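Chemist: Given chain P, work out where chains E, V, X and L with the ligands should sit, using these hints.
Below, each chain spelled out in residue letters.
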Amino acid sequence: MQINGITFSHGKKPIFNDFSIYLPEKEITCILGNSGVGKTTLLKLIARIYQVENGTIEGNQKRVSYLFQEPRLLPWKTVFENVEYVLLNKLSKAEREERITDILEQVGLTAEKHSFPHELSGGMKQRAAIARAFVGKPDILLLDEPLQGLDVVKKMEIHELLLTLWDRYQPTVVYVTHDVAEAIAVGQQILVFHGRPVAVQCQCFVHTPLPKRNAEDEQAYLKGISEHLLLQMKLANEI
Amino acid sequence: MQINGITFSHGKKPIFNDFSIYLPEKEITCILGNSGVGKTTLLKLIARIYQVENGTIEGNQKRVSYLFQEPRLLPWKTVFENVEYVLLNKLSKAEREERITDILEQVGLTAEKHSFPHELSGGMKQRAAIARAFVGKPDILLLDEPLQGLDVVKKMEIHELLLTLWDRYQPTVVYVTHDVAEAIAVGQQILVFHGRPVAVQCQCFVHTPLPKRNAEDEQAYLKGISEHLLLQMKLANEI
Amino acid sequence: MKGSTSKNDKWVTLSAIVTLLFIWWIASLFYPPIILPSPAETAGKALSLFREGKLLGELVVTLRRVLLAFTISLMVGTVAGAMIGKTKNLYLFVKPIITIVQTIPPISWIILAIIWMGLGGGAPIFVVMIATFPIFFFNAAHGINQVSKELLEMSEIFQVKRHRQLLDVYLPSLWPFISSAISICIGISWKTIVMAELLSSNSGVGASLGLARLQLETSEVLAWTLTMVIVGVTCEQLFQMLSDKTTVGKMSKCK
Amino acid sequence: MKGSTSKNDKWVTLSAIVTLLFIWWIASLFYPPIILPSPAETAGKALSLFREGKLLGELVVTLRRVLLAFTISLMVGTVAGAMIGKTKNLYLFVKPIITIVQTIPPISWIILAIIWMGLGGGAPIFVVMIATFPIFFFNAAHGINQVSKELLEMSEIFQVKRHRQLLDVYLPSLWPFISSAISICIGISWKTIVMAELLSSNSGVGASLGLARLQLETSEVLAWTLTMVIVGVTCEQLFQMLSDKTTVGKMSKCK
Amino acid sequence: EEGEVKEKTDDGTAAQEQQGEDMAESGDDAADHGEQTFTFLAPKSAPLLPALLMEEGTVAGPALEISTWDTIEQLLAAVQGNEADFAAVPLNVAANLHAKGLPVQLIDVNTWGTIYLVSVDPEVATLEDLENEEIYVSHQSGPPDILFQHFLDQDGLTDKVTVHYSTPAEISQLLLGGKVKHAVLPEPALSAARSQLQGDFVQVIDFQAAWETLYGMDLPQAGIIVNSEFAAENPQAVEQFLQSYQEAIDLLHAEPEKAAALAEEAIGMKQPLIETALNHMKIMSVAALDAKPVIEQYFEVLFDSQPDAIGGQLPDEGFYFQE
Ligand SMILES: Nc1ncnc2c1ncn2[C@@H]1O[C@H](COP(=O)(O)OP(=O)(O)OP(=O)(O)O)[C@@H](O)[C@H]1O
Ligand SMILES: Nc1ncnc2c1ncn2[C@@H]1O[C@H](COP(=O)(O)OP(=O)(O)OP(=O)(O)O)[C@@H](O)[C@H]1O
Ligand SMILES: [Mg+2]
Ligand SMILES: [Mg+2]
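Chains as they are written, first to last, in the working numbering: chain P, 1 to 239; chain E, 240 to 478; chain V, 479 to 733; chain X, 734 to 988; chain L, 989 to 1311.
Check before you lean on any hint, since a few could be wrong.
Quick list of simulated restraints, FRET-style, between CB atoms [stated by the list, open to error]: (1) P:P75 - E:K462: 40 to 50 angstroms; (2) E:K376 - P:A199: 38 to 48 angstroms; (3) X:K882 - E:K473: 29 to 39 angstroms; (4) X:A773 - L:N1070: 33 to 43 angstroms; (5) L:E1253 - V:W503: 39 to 49 angstroms; (6) P:A181 - E:H357: 50 to 60 angstroms.
Keeping only pairs whose Cα atoms sit at most 30 angstroms apart, straight-line, the calculated DSS-like set for lysine-lysine is [as the list claims (entries may be wrong)]: (7) V:K723 - V:K485; (8) P:K13 - P:K90; (9) X:K740 - P:K77; (10) E:K316 - E:K352; (11) L:K1258 - L:K1169; (12) P:K77 - P:K44; (13) E:K316 - X:K787; (14) V:K723 - P:K90; (15) V:K485 - X:K819; (16) P:K223 - E:K316; (17) E:K316 - V:K723; (18) X:K894 - X:K819; (19) E:K376 - E:K283; (20) X:K894 - E:K265; (21) X:K894 - E:K329; (22) E:K376 - E:K265; (23) V:K627 - P:K113; (24) L:K1270 - L:K1169.
Because the hints were derived from the structure by calculation, they are not lab data. Being a predicted model, the structure only gives us computed values, none of them experimental. Built from N, CA and C at the ideal position, the CB exists for glycine as well.
Just chain P, with the same shape it has in the complex:
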């Protein structure tokens, strides 16, 4: 997916100005960058919630799933119904039921299936939102800090789940996070954003294949990338 010289500003705040990046199809691109730089804005531009003022984003006309930075659950629907909401009129009832039960099981919300969002803990809401984002078969998957609010174990589980899904449907994934380790664990391409308007501070490719990245001999290589990225992020913050 090619982002071609896009320009966008929030009111008088220029976020992107003639900004271009390439997001390889069917690969996972991670985006790092300090708070308020424009990561969420980029995702919303790709999802067409915002319209670019100039330039083009090629390939965003496909089926999109978006995990928002906030859970955005319908307060008057149960967890099950919230997930079902995005499948209605797309699948038969039986099929829906099966898929939803399955995904809720995988994010660990089976017991909360019939709870309303206000009855959930923060991490549970996040998992419900993850279930909703993962339940379809999207061509483009936009994830805005998907693992926030989850404990270490849940983080690993969701991480696994993401890689399984990616393996199965091969969507183009854009994955925004603040955690360098997380980025290295899933990203095939890692971008660090900085500045206003946004510039790419650093672009890294991680050549170790997904989904397994824990072979002993890779550790040093990955550690190197990690340190490089951390340094870049600190630099970015200072500008």
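Modeler: Relative to the frame of chain P, chains E, V, X and L with the ligands by itself:
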């Protein structure tokens, strides 16, 4: 602060049953535990948003600041006004102005002083909420995942800020997080919750004094704790 | 307004009504029956009207008019308000027109209404529509701006069909506004139809009430009023029950 | 309803009014003046009433009554609705009473109102209050349940004073409901006062309109109606301007 | 009562049409009628005119304060509150008030024959010509309706015409607007139509004349009532009032312009219209007792078809004031 045999349930879900812990006054207690275990519920019980069904929480009648898991900003007020809201009728206008300008500077929101919440990025909202929680001089400071949604650099800054404030006013802090490293960096006592109803899976004391915990010779000690905690959390999750 | 047994609800409603009856009874002791008959006299009169068959006959006429007018207002007003409320300029254009229409007293409409719709019952229907439409319109127009943009964005991205969005996002968000408008309009429609029938028609409860009034039959006036009140409150209770039972009503309470 | 220049707003409102005038003018070509006088004739009549000093005189009388009734309803209705709406049982008790009061047509109130309040202007004031109070009440009662519990919890914990909570949390959340009720009630009060004055008083615009109607002075009837409409729309515009200027109005748009 | 008492009555036309029904007016001041001051409550119609002359002081007698009523509620509230010494009301209303147990007595009948069947169709001359036509009648179940039905019945036309009901204002407006061809309306509501329609206006039946043909007597319409206790205690006051009222009527007949001019201001009705209306109503004060047979004949007709119009019973002796 002593929590004495409290009992509390959400509907039919028993969260605490004859649960007791001791939160040392003027110290920082970190709480770890898997998603949905009852960490937020404990904070709300201390803050008296929920009322215990049984047992007592001693010492929660003091001045409380609470950083919620969600930002909870007033949508119709600017960042400045949101922070001001909790100081109104408590301080003079000039004093308020000074304190707010100061704290916004420290969380890096000076430029967004007059922005409304819907104009902020996720991390900015979180920082606005932090500013609000830190602006008063609380006796009890309840922090629910305070560093979520922030980039590494901001995390460190807020971390510093918290320790400075703690140093200055010496509030009793209850700090909920999912990040073991974070817990070790700030906690004097660290509790890991698990199960339903909640039990304390493990209790650790970190003897290295605050605020500095990066001396070379401590590394091994801290690493030990960290590994212990991680193991405990994985165990907790399996129950 | 948290949940509770609906049995309790009924008792509360009943006790409210008993209280009112009691106040009425006390008040009636201070005035001669021609000014304020007692509840008993009024009920007696209502009973005798019922026996004559007049009560039900006229009530049905009025009921049909109100139902028609109310339904049209509800549908058109809510939909128009919701659609127009979203577009600032259109709203600014329509708003003064509706305020004007609403400000014109029925008495000034009546002659046009009679000419357009005859003496049959068109005019009362028209007047009730004019009285209730703006309420649905304004409530919906204000409500539509309270619908969460975030949930709508979410729905768009997941390509949720329009009608599902209406049902699952718009309706629950608008519901407090719509149900408020319904509560208000149930009372208003019954009141307005009486005035309108009194002014322009020779059938229906309003016409009978007008007649009774000119004949100084205060107890009959009150008997008709009582009938309207009972029907009105019943409608309101029915609506409440329905609303509490259907998903939308339950939905909008989860917030 | 996003922001825009208020100059544009005025043009839109003006064009709405011109459109209505145009429709009226076209309609008046199809009917004899006794049925529907043209805008020009009506304006002429209004002018001559103004010259006689009658227009302003009666208008002031009516204006004072409406202002009084409206203000009381707004205050009491909103406060009562907000307070009672929060307590389920109390609300269930009060709700049928208000529905009943609202369903009783003015004509059934009038005799009591005259006796209680004399022929002066008490009765119209009473009737307008009864017509508008329930609207404020129900809108506030429904609105209060939409106030975010989370923000209230937050305010409690930070020990924000009650009156600040009212101002900064309740009011902005209730505002869409209140302002909707105000929009609705501005129209309704003017309409109702005319009916009430016509039935119970011998001063004010309503009484003059009733007289004109009996004398078949259709153009005078419309002149009075026009006066009411102008005043009504002006009130509404004024309210809108005020609301847009004050913080609360701006506040509730940021959502 | 703090009602603003309106001493001017402004409208005129309307009122009697109402036969007291629709409108009413206000007040009266009740205040203490000192020795010499009487309070008088009248609809904005014929019975008011002599009173205006009395108030002016053009005739001898005690001072008079006038207030007017438009709607039945205003009348009722005033009678209940005993706010006027004398009140002019349609006869059926008077009987009704009496039947409902209010302490009122009739002292005179002063307005006669105010109802007409009119048409804008020049072909129509008699009731028979209206066969299969639509006729608009004001005051459903009130005197215009009952009397009209009575005449239809006499001519055997009851089921051969279609009757619609509405208020006098609407009917007159529709008549003038050409949407209605035939109507039964009372004066003075009718005089506006009279003066505006001029040549196109056909007066098909004068109810007064028709009544006279049937029963050989006048058709009584409105009179003055008094609080019976007040009357019992002050019979001379009633006497005094009636006498002065009679003088005022004489003056009214002698110089109608004068009363009309006063009324123009008091009821806001144009002077020529008042004079037109006066020409079609018979103003003549007859003491209640003297008019009793005439009134009873009238009430019997009302009673036969609509007992409720006079309170469900023929008034007893106590209804008629006697010294
Ligand atoms: N609706 C809006 N109106 C005005 N400004 C906005 C709006 N949304 C975002 N901004 C501004 O645009 C900038 C980028 O916001 P964005 O949400 O893309 O940041 P981000 O990189 O996602 O940050 P975070 O990591 O904190 O979520 C911020 O400075 C923010 O203040
Ligand atoms: N208002 C509520 N009504 C019913 N159940 C609730 C409510 N709030 C929380 N719960 C339940 O209570 C349990 C504990 O919730 P709590 O919010 O304390 O979890 P937590 O430890 O903070 O989790 P997280 O890390 O995900 O925020 C959860 O199982 C949740 O489903
Ligand atoms: Mg973001
Ligand atoms: Mg939590």
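Chemist: If a hint holds in the structure, say so; if it does not, say that too.
Modeler: Verification of the supplied hints:
| no. | hint | verdict |
| --- | --- | --- |
| 1 | P:P75 - E:K462: 40 to 50 angstroms | holds (43 angstroms) |
| 2 | E:K376 - P:A199: 38 to 48 angstroms | holds (41 angstroms) |
| 3 | X:K882 - E:K473: 29 to 39 angstroms | holds (35 angstroms) |
| 4 | X:A773 - L:N1070: 33 to 43 angstroms | violated (49 angstroms) |
| 5 | L:E1253 - V:W503: 39 to 49 angstroms | holds (47 angstroms) |
| 6 | P:A181 - E:H357: 50 to 60 angstroms | violated (31 angstroms) |
| 7 | V:K723 - V:K485 | holds (14 angstroms) |
| 8 | P:K13 - P:K90 | violated (39 angstroms) |
| 9 | X:K740 - P:K77 | violated (43 angstroms) |
| 10 | E:K316 - E:K352 | holds (11 angstroms) |
| 11 | L:K1258 - L:K1169 | holds (25 angstroms) |
| 12 | P:K77 - P:K44 | holds (25 angstroms) |
| 13 | E:K316 - X:K787 | violated (49 angstroms) |
| 14 | V:K723 - P:K90 | holds (28 angstroms) |
| 15 | V:K485 - X:K819 | holds (20 angstroms) |
| 16 | P:K223 - E:K316 | violated (44 angstroms) |
| 17 | E:K316 - V:K723 | violated (37 angstroms) |
| 18 | X:K894 - X:K819 | holds (19 angstroms) |
| 19 | E:K376 - E:K283 | holds (19 angstroms) |
| 20 | X:K894 - E:K265 | holds (27 angstroms) |
| 21 | X:K894 - E:K329 | holds (9 angstroms) |
| 22 | E:K376 - E:K265 | holds (13 angstroms) |
| 23 | V:K627 - P:K113 | holds (26 angstroms) |
| 24 | L:K1270 - L:K1169 | holds (26 angstroms) |
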